[in-house]
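Could you put the whole structure together from the sequences, leaning on the hints where they help?
If you count the sequence shown from 1, position 94 lands on 147 in this note's numbering, and the numbers rise without skipping.
If you're looking for bench data, these hints aren't it; they were derived computationally from the structure. Among the clues, some could well be false.
Below, simulated PhoX-like cross-link-like pairs (lysine-lysine); rule was C-alpha separation at most 25 Å, straight line [as the list claims (entries may be wrong)]:
id : residue 1 : residue 2
1  : K83       : K269
2  : K269      : K291
3  : K170      : K269
4  : K291      : K170
5  : K83       : K170
Beta-carbon label-pair distances, calculated as ranges [claimed, not checked]:
id : residue 1 : residue 2 : range
6  : D56       : E293      : 46 to 56 Å
7  : L118      : S182      : 33 to 43 Å
8  : K269      : S102      : 16 to 26 Å
9  : S119      : G265      : 34 to 44 Å
Source: prediction; values computed, not measured. Each residue gets a CB set at the ideal place from its N, CA and C atoms; glycine is no exception.
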Amino acid sequence: MNDGQLERYSRHLLLPQFDYQGQSSLLESKVLVLGLGGLGSSAAMYLASSGIGELHLLDPDTLELSNLQRQIIHRQDAIGLNKARSAKQTLSALNDDITIVAHEACLSEQDLGELIKGMSVVLDCTDNSTSRRLHNRLCVQNQVPLVSAAAIRFEGQLMVVDPSQQNSPCYQCVYPNVDATQTSCSESGIMAPVVGMMGVFQSLEAIKLISGVGEKSSGALHSFDGLTAQWRRFNVPKNEQCPVCVGAKSQA
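In structure tokens, the structure reads:
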């Protein structure tokens, strides 16, 4: 680390569990954020400020006025711009010490898999089950840790999938069936700080995975109730019949 990095990340370096080695691991890492909405906004900002060496942002959508209530990475004058590009502008102004790559178009499954393959951690910040299932499958296939979250109304959920852990369940293990009745925040609403907080926790879990500090959160589903400010942890077993896990095992 150079003198500027030592000063910028000095508060991290003071943490005995983290210190120089932990910060160095962040600076050498590559992280992919899928979706720059409410979750991705806060997650990406803390990843950038914390010193992720190479941060990839993927979102084909354009910014709308209604997004600004919770998608804090974007600015009002960016309405109409691609979200990945808008996010890159904000993050580049926040930290010019890291590499930020914006992916503004949808990628084919093959190209997305190739991108994921080179990552240290992937954050799924999308808002639908179909995307989450695809990202989960590609991460499990490529043995890349995944931090997935969701938020609606006053509620949030967080799950860490770590394919390196033999008994770690994946997203498909916990949600084996597609929920045809799932609703979005555009239909049911979302309290802005709730989705922001879930994104912050995604960034924390990603940093823990990269640096190796703290307890692993894989093997559990974490649920947050914003109205009571309570967290609940549900330990979930790996489904030995899960087609994603079985398929990844057969390819190994």
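Structure-based check of each hint:
1. Among the hinted pairs, K83 with K269 is consistent with the structure: their alpha-carbon atoms are about 19 Å apart, no more than 25 Å.
2. A threshold of 25 Å between alpha carbons decides the hint, and for K269 with K291 the separation of about 15 Å falls inside it, so the pair holds.
3. Among the hinted pairs, K170 with K269 is consistent with the structure: their alpha-carbon atoms are about 21 Å apart, no more than 25 Å.
4. A distance of roughly 23 Å separates the Cα atoms of K291 and K170; the hinted pair therefore holds under the 25 Å criterion.
5. A C-alpha spacing of about 10 Å is found between K83 and K170, which places the hinted pair at or below 25 Å, so the restraint holds.
6. At roughly 52 Å, the beta carbons of D56 and E293 sit within the given window of 46 to 56 Å.
7. For L118 and S182, the hinted distance range of 33 to 43 Å is not satisfied, since their beta carbons lie about 26 Å from each other.
8. Between K269 and S102 the C-beta distance comes to about 24 Å, which sits within the given range of 16 to 26 Å.
9. Remark: the range hint 34 to 44 Å for S119 to G265 is upheld by a beta-carbon distance near 40 Å.
Comparing the model with each earlier hint shows a violation of hint 7 alone; every other hint is respected.
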